[in-house]
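Residue numbers (the working numbering), protein chains in the order written: chain P, 2 to 94; chain C, 2 to 94; chain B, 2 to 94; chain S, 2 to 94.
Derived by calculation from the structure, the hints in this document are not laboratory data. Possibly wrong hints are sitting among the right ones.
Remember, identical chains collapse to one label, so a pair may be satisfied in a single copy or spanning two.
Said to hold, decoys possible - Once the Cα atoms are required to be at most 27 Å apart in a straight line, the calculated BS3-like pairs of lysine-lysine come out as:
#1 9 / 75
#2 14 / 75
#3 93 / 9
There are 4 protein chains.
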Amino acid sequence: MVGYSITKEDYIKRLRRIEGQVRGLQRMVDEGTYCIDILTQISSTTNALQKVGLGLLDEHLHHCVKTAVSESDKAGNEKLDEAMTAIARLMKS
Amino acid sequence: MVGYSITKEDYIKRLRRIEGQVRGLQRMVDEGTYCIDILTQISSTTNALQKVGLGLLDEHLHHCVKTAVSESDKAGNEKLDEAMTAIARLMKS
Amino acid sequence: MVGYSITKEDYIKRLRRIEGQVRGLQRMVDEGTYCIDILTQISSTTNALQKVGLGLLDEHLHHCVKTAVSESDKAGNEKLDEAMTAIARLMKS
Amino acid sequence: MVGYSITKEDYIKRLRRIEGQVRGLQRMVDEGTYCIDILTQISSTTNALQKVGLGLLDEHLHHCVKTAVSESDKAGNEKLDEAMTAIARLMKS
């Protein structure tokens, strides 16, 4: 895997940090922090979330999808279609 | 404004909902929820965050930037450059 | 497949239309068309390009990657890593 | 300006290079180039297009929008709303 995949504990740790960033954003808005600084924090939070998404996708492809492809052509295609829909959605988000 | 701008309370309400979504993501990872469902939630969270970003940018342009432009050419240019940097960053996130 | 995949001829047809859009952009810049209208055309061209990218990715997963996964675990992993790198790049572009 | 803005001739030069990239993509598809290599070229073309978009937006803000803001509050707001719509569209493309 290309370095996106991490352990379950690491994902939760990362998501907890993201939760902290979102709470920080509430504080920033509440205290009237300068808009541009809030936007910087939003970009950084979004990037962190998308890295988590890429990690989960990487794992999904290396496990679920690979297993399905090994099982049968039909199962493989279904999992790949489902993954493509998720990829297209991530790309637009 | 094009409908992005909302009150401070609304921003905080939205960010609280996003915080809830991120906590939901932790639970999903912890409970071993199906990857694709987690990815759907990540896309939705990212979209919500970016909407908050667009709202703040909208307000920033309609207030800070407009005021600066009215003050002096130099002040206006500085604020616009700063906004452009934030826009480019949001676009890549 | 989720409807992204099309024939080679269709890809080329789409890319020719995109080439026409890019030539249209040159004309617009040259004639001093209103910036916002040029930006609308840029968004539409970028979207069209990304759809071509999703289509090619879809095919790649359903053919190359599936074949590699069926061949051996190592071959499958290599193709999946490579695909993940491309997905991450598309996501940031 | 933050370095996005360039002269009209430079924009056209850049767009011509992008047109060349799109023609290259047609050749790649036609010759059956490896999918991942085509996707790399698509990412690079999309990035180049978005840089042109950021440049035009930068200029638009520094000229049209600034002039409108100096003219009247109403004119300024209209231009800013219009710019926000374009920014939101670029962000999703």
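We went through each hint and held it up to the structure:
1. 9 / 75: For residue 9 and residue 75, only the inter-copy Cα distance (24 Å) is at most 27 Å; the intra-copy one is 29 Å.
2. 14 / 75: neither (36 Å within a copy, 30 Å between copies)
3. 93 / 9: Both, since 26 Å and 25 Å are each at most 27 Å.
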